[in-house]
Amino acid sequence: MNLEFWLIQIFNGVSYGALLFLLASGLTLIFGVMRIVNLAHGSYFLLGGYVALSVIWATGSWLLALPAAALAIAVVGLLMERVFLRPLGFDPLRQVLLTVGFAFLFQQAALDIWGGDNLIIDPPAALTRSWVVGGLHLPVYRIFMIGTAVAIGLGLWLAMEKTRVGAVVRAAVDDAEMARGVGIDTSRVSMFIFALGAFLAALGGVIGGAFLGVYPGLDFEVLPVAFAVVIIGGMGSLTGAAVGSLLVGLADNFGKALFPELAYFSLYAPMVAILALKPTGLLGRE
Amino acid sequence: MKAKVIAVIVAIIALGAIAPFAGSYVLVLMTQALVLGIIAMSVDLLLGYTGLPSLGQAAYLGMGAYLTAILASTYGFGLGGGFWVVVVLGMLAGAAAAAVFGLFAVRAGGVYFLMITLALGMCVWGLAYRWNSLTGGDNGINMPGRPEFGISLSDDLNYFYLVLFFFVLSLGALYVLVRSPFGRSLVGIREREVRMRILGYNTWLHKYLAFVIAGAFGGLAGVLWAHLTGIVSPGDVILTTSVDVLLMVVLGGPGTLVGGAIGAGVVTFLREYLATVVPWWQYVLGAVYVLTILYLPGGLMGIPARIRRRKNAT
Amino acid sequence: MKLFSKVGLVAGIALAFAVPAKAQELRIGFVAPMTGIFAQIGKDMENGFQLYLDQHNGQLGGAKVTFIVEDTEGKPPVAVRKAEKLIRQDKVHMFIGGLLASAGYALAPVSSRLKTVYVLSVSAADDLTQRDLNKYPYIIRTSWTSSQPHHPMGQWACEQGYKRVVTIAADYAFGHEVTGGFQKVFEDCGGKVVQKIWPPLGTKDFGPYIPTIKKDADAIFTVMVGPMALQFPKQAQAAGIKTPIIGGGTSYDEFVLPSMGDEVLGHVSALQYSAAIDTPANAAFVKAYRSKYGKVPSYYSESNYTTAQMIDEVMKRNKGKWPGPQQFIKQLQGLKLEAVRGPVFFDDMRNPVQNIYIKKVEKKKMFGYPNEELWNTIIKTYPDVGQFWKYGKDKFLKQPVYSRDFPPCKYCE
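Residue numbers (numbering that gives the first Met the number 0), protein chains in the order written: chain X, 0 to 285; chain B, 0 to 313; chain P, 0 to 412.
For reference, chain X alone in the conformation it holds in the complex (with noise of 0.2 Å):
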């Protein structure tokens, strides 16, 4: 296990983690903020996956794909919100059981309109090339992930430290009647954080969908990893989303690569032992 060896898979693991930072950030701000832990989470992954393939067979443009699936999404998002979650007001047992519901179907639904078939959304040719950088094979489509999960990042970070809505958003999630109380509009920010959510999660799908591919299951595989993420990093905290994915990324890559026998254990061990330190998490508040 040389030098190169620790480089690459420091790499793959970093890479993996912007990928799960994508899928867990909106998990986390939509907990943050109206307490919902949403169990559809994965399936809005999926969904943007496919979402973006139509997209790509009718006018054959990845780039548009992108943000094309990413919105459609953020509105089914909103449309569950409204329609269906804010109704029943504040119950976290019954939301998380309203999110599984729509998870049911929109698998059903996804296999209806897409089939069974194992899909990959293909990245334009630029992307599919490796930087040869000091011997390492260095995949750009990695680098790529790595850097939009970063701009996101910082984006997200931006907008809640330093802009008006950011500072709304911060209120609601501190202490919501206190909010109410100075006039803010709780519903709004619940609707708009919970189509930010789905936005990013189906950002992620489509990024994903060239790395782990597109096929029915795959959000019921991806929702534990992101609720591991959740956990770790704490739950409703976006640098404890950041956090955890990181860790969580290096922690599966290198079980994998050194103990490969525990390769689920790698990533659900973490996570027991901080439950048991910490139950909310490294950076989360009660």
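Careful, some of the hints might be misleading.
According to the in silico footprint, chain X covers these stretches of chain B (three or more CB under 8 Å from chain X) [what the hints assert, rightly or not]:
hint: 1; region: 46-54
hint: 2; region: 102-108
hint: 3; region: 242-251
hint: 4; region: 278-285
Computed, partial: chain X to chain P, Cβ under 10 Å [what the hints assert, rightly or not]:
hint: 5; residue: Gly12
hint: 6; residue: Asp116
hint: 7; residue: Asn117
hint: 8; residue: Thr127
hint: 9; residue: Val131
hint: 10; residue: Pro138
hint: 11; residue: Val139
hint: 12; residue: Tyr140
hint: 13; residue: Gly207
hint: 14; residue: Val213
hint: 15; residue: Phe253
Footprint (simulated), chain B over chain X, 3 or more residues, beta carbon under 8 Å [claimed, not checked]:
hint: 16; region: 83-93
hint: 17; region: 273-283
Calculated directly from the structure, the hints in this document are not laboratory data.
Note that the structure is a prediction, hence the values are computed from the model and not measured.
A virtual CB, placed ideally from N, CA and C, is assigned to each residue, including glycine.
Once you have looked at the hints, place chains B and P on chain X.
Leaving out everything else, chains B and P in the frame of chain X:
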């Protein structure tokens, strides 16, 4: 109260009476609904009475099921009179797992409890899936056949009556439990935990015990489940199983015990029977989830009350 | 109180008293995943069988076929329940299908318990027709065993001059058995397997594994299934791997091939079927299947098509009357026929003996189709390959079933 008890007893007797005449496949489904009814009722203890929504109960079913399967296939134990020992062991296994997991889970409440139980359930699934030498991994473990101790359980009708027996036992035990002072304090905790603590109750201990008891019944359901299907695989402990069980309680009516059993019947029918009749059964299942959550907060058992309220309102 | 179970009860009672099967009617149950990860494979399986029925007016050997399809959701317990439903409620004469090894292991006991014929049309788990056969007198397999095509593959690899091979295979029974078959023959011929990597079934990110592959290997032997098969060659290429990649049957079969790209050109694998078999029978089959279902048939479809053909032959001999389970199995086992995949007959363990094709991915036009596409061109045929290769049944059965640790990795570094 009395009327309800009588109604339940009549229903159980009716079930036992129809069984010999039911179609062969329907009998299997009825047995399955009863096994799931046991674990659903245990979830109701947690959810309906203590206010703890657990998304990981399949783990305890898994403990009971895998224990049964490993004992039967590797050690040949539990296929004669030993079956009753395995039942006890299965319940202990479920309780033990819940005792360990409860240390992580019970300190949290509400949504955090949900997330943690989900995570713990996933851990058990991961173990079942990867620990090939113990669990057979993806292939699962085939049961060598149903036990025989005087009566042969290979006869589906006999097995049905056995399961019905355990169901009635579980229902009775849980019923006594929820009406006892312990049970009433659980309800108190669900309603106003802070007040209970002020009154001097050790609320953590109460919740923890409820969690362990639910685990024990999950283990029992697991033992019966292993013998029902004849195979135990990681598919039995996936997230969907835990979610289905939770839905059964919500659908039937939380806080009613029997509601869980009714919910089990409905969900089993949807998954196993409807699936053989129409290809779009998943839409129906999803719709049932959504509509129940939106419009039936008290579940099916709550319908008579709602009708009464409507009548009184007019 | 239990409203729905009452309805179910009445319906069940009604159906239970339904008219039992008549002599000239053949009731066939079919279990495969129709939802979930393997949904499309299940559909391909069903389509293969259905195509044969459609070409023969819905009849097999003169008997009118009632074909009932049930969804296993890819889960063994559901497969068991659906099989039970088919037998108990629909009173099928036989049930066919099962995709994964786990389904095969779950369904075989059902056939023994309920004394109904079970035809394994895909499920490849070795031991079902080897060391476990005695437990299952009512099963017969019309497809393959996991290790069957990979014995000759090991031979071929050795003949190519490969001396040091790295294997990377999905970590479950199928992956173990395929690798085992390859390794046994390859090493008996003088080759060495120097490294075995086992990514879990369903791995899509091979990032952790690719860098660990030994750089001085002569070839990499992969056992990939479904989405794994799509990802590995792409990621290997992106990581700069230049070592020749060869694979087990499912790494490049027609189920995944249409979604693959130029990265798999030249990759070699082994299986009892390729859509590019250049015979009139196969050309007709491929064209008929493609025009009806819009895609080139995979071995999942061919296997079920051929199964239907075999049932047809047996029923013809019985003039359309169901001969009873034991006779049916005996007669099926005694068949010798020219299937789409080539000549097939059965060994005394109820598993097929057939051609194994070494195939290479090439881009070309075939069967008169206008575009250049990826096809698995046959480069070598090993005829009459049974499940024991050249080892002889008794000698083979003395060794343990292929697993993660058998054959042991003597040359692993």
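(message) Taking the earlier hints as the rules, which of them does this structure contradict?
(response) Structure breaks no hint.
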